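Visitor: Chain by chain, the residues run as shown.
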Amino acid sequence: KQEVTQIPAALSVPEGENLVLNCSFTDSAIYNLQWFRQDPGKGLTSLLLIQSSQREQTSGRLNASLDKSSGRSTLYIAASQPGDSATYLCAVENNNDMRFGAGTRLTVKP
Amino acid sequence: KAGVTQTPRYLIKTRGQQVTLSCSPISGHRSVSWYQQTPGQGLQFLFEYFSETQRNKGNFPGRFSGRQFSNSRSEMNVSTLELGDSALYLCASSFPGPEQFFGPGTRLTVL
Numbered sequence: 018k019q020e021v022t023q024i025p026a027a028l029s030v031p032e033g034e035n036l037v038l039n040c041s042f043t044d045s046a047i048y049n050l051q052w053f054r055q056d057p058g059k060g061l062t063s064l065l066l067i068q069s070s071q072r073e074q075t076s077g078r079l080n081a082s083l084d085k086s087s088g089r090s091t092l093y094i095a096a097s098q099p100g101d102s103a104t105y106l107c108a109v110e111n112n113n114d115m116r117f118g119a120g121t122r123l124t125v126k127p
Numbered sequence: 007k008a009g010v011t012q013t014p015r016y017l018i019k020t021r022g023q024q025v026t027l028s029c030s031p032i033s034g035h036r037s038v039s040w041y042q043q044t045p046g047q048g049l050q051f052l053f054e055y056f057s058e059t060q061r062n063k064g065n066f067p068g069r070f071s072g073r074q075f076s077n078s079r080s081e082m083n084v085s086t087l088e089l090g091d092s093a094l095y096l097c098a099s100s101f102p103g104p105e106q107f108f109g110p111g112t113r114l115t116v117l
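One line per chain: the protein sequences are A and B, in this order. To convert, take the position in the first sequence, counting from 1, and add 17; that gives the numbering used here. To convert, take the position in the second sequence, counting from 1, and add 6; that gives the numbering used here.
Just so you know, these hints were derived from the structure itself, not from any lab. Predicted model, so just to flag it, every value in this text is computed and none were measured. Among these hints, one or two may not hold up.
Claimed, not checked - When the alpha-carbon atoms are kept at most 35 Å apart in a straight line, the in silico DSBU-like pairs for lysine-lysine are as follows:
{"#": "1", "chain 1": "B", "residue 1": "Lys63", "chain 2": "B", "residue 2": "Lys19"}
{"#": "2", "chain 1": "A", "residue 1": "Lys18", "chain 2": "B", "residue 2": "Lys19"}
{"#": "3", "chain 1": "A", "residue 1": "Lys126", "chain 2": "A", "residue 2": "Lys59"}
{"#": "4", "chain 1": "B", "residue 1": "Lys63", "chain 2": "A", "residue 2": "Lys59"}
{"#": "5", "chain 1": "A", "residue 1": "Lys85", "chain 2": "B", "residue 2": "Lys19"}
{"#": "6", "chain 1": "A", "residue 1": "Lys18", "chain 2": "A", "residue 2": "Lys59"}
{"#": "7", "chain 1": "A", "residue 1": "Lys85", "chain 2": "A", "residue 2": "Lys126"}
{"#": "8", "chain 1": "A", "residue 1": "Lys59", "chain 2": "B", "residue 2": "Lys19"}
{"#": "9", "chain 1": "A", "residue 1": "Lys85", "chain 2": "A", "residue 2": "Lys59"}
{"#": "10", "chain 1": "A", "residue 1": "Lys126", "chain 2": "B", "residue 2": "Lys19"}
{"#": "11", "chain 1": "A", "residue 1": "Lys85", "chain 2": "A", "residue 2": "Lys18"}
Unchecked claim - To give an idea of the chain B side of the interface with chain A (calculated C-beta under 8 Å), a few residues:
{"#": "12", "residue": "Lys19"}
{"#": "13", "residue": "Glu54"}
{"#": "14", "residue": "Glu58"}
{"#": "15", "residue": "Pro104"}
{"#": "16", "residue": "Gln106"}
{"#": "17", "residue": "Phe107"}
{"#": "18", "residue": "Gly109"}
Beta carbons are placed, not taken as given, at the ideal position from N, Cα and C, and that holds for glycine.
Same shape as in the complex, but just chain B (with noise of 0.2 Å):
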């Protein structure tokens, strides 16, 4: 069974722009979690989609956001993009069972 993958692997995007992240989850699943990491904050939760809604939102502000199509995949968006956004962007699968599954993560650089 393929695991969790997430394209593309690396973006150099600039401040103010906006960018799009894919997320296509493990065959089965139907929840799909966002999140950030960064060295200073660490691993951060930004939103959980299951069923094409979203379930649960982190502490973040409304420049993040996300959906979730109906085969499961999803997409996380960021607009207005500032340095601070600079991260490794995570996305994780699971459902049914509560296990979490990773894929390898978008690394984003915001110049």
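With the rest of the complex left out, here is chain A (with noise of 0.2 Å):
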């Protein structure tokens, strides 16, 4: 069974900051991995998905990489604003399957 796990759980950056999302997964054997973004009581924003065959994917400020031999895709953002302040969630899809992380509650202090 997939885990998906994020690390940290909380981050609290102040504006300008460059920084680094984690994501880890279990089982090797994905279709994709894509981040996502939500903010307080609503849906989910798609950010970036990195098909298996992927290494990175990049929009705008953001990027991801994925190495699935180690299980592990990270999500770095440039030069945060309070804006990007949100719940980071990533999630990996296998077999129809998709398994999300806990999240990781981003904080950019101006």
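Mind assembling these two chains? They're in different frames, but the hints should get you there.
Guide: Quick look at the structure:
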């Protein structure tokens, strides 16, 4: 059974810092890995999706990497802004089953 | 292109009642997945429908059921509500393509 872990559970940084969020998974036979952000009480917004054959994806200030062999993914956020404050979730899909981590709650202080 | 829509956005029910939630996927998307999110358990997969057929199912009791219509809209039903069913219910649509797009969710409170 796939288990997804996100570390740290919470992170607080000053505006402008670069930061890294971590996601690890136990079964490396994945189809893809997706990063989402969730604002309080809201749905999920897709940020980046990495297919199993890919190593990384970039969108604006975000860069996500995938290392299947070690069961790890990182989400790098450059030049953080207060508007980046949210919970970030990673989700791993295999066999039509998507498993989510518990998320990292990010606070960016002005 | 309109996003995933869910109705109602908020719902209050009492124990023992039943509830039906609705999800309209992004136009052209054929797969709809449902999730339950609670503070204690996080996001948990309920089931996925593709072309009106349930393709995958999570580990939830039979009180939780769903269906998908020919226009890809989906409904989920929870019968005999329990206090522990209070949660944010999210649906997501996809296909073609693996990326999942989520709706805003339905906040269900069971009293």
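Visitor: When the hints from earlier in the document are held up against this structure, which numbers fail?
Guide: Of the numbered hints given earlier, those the structure breaks are 5, 10, 12 and 14, listed in rising order.
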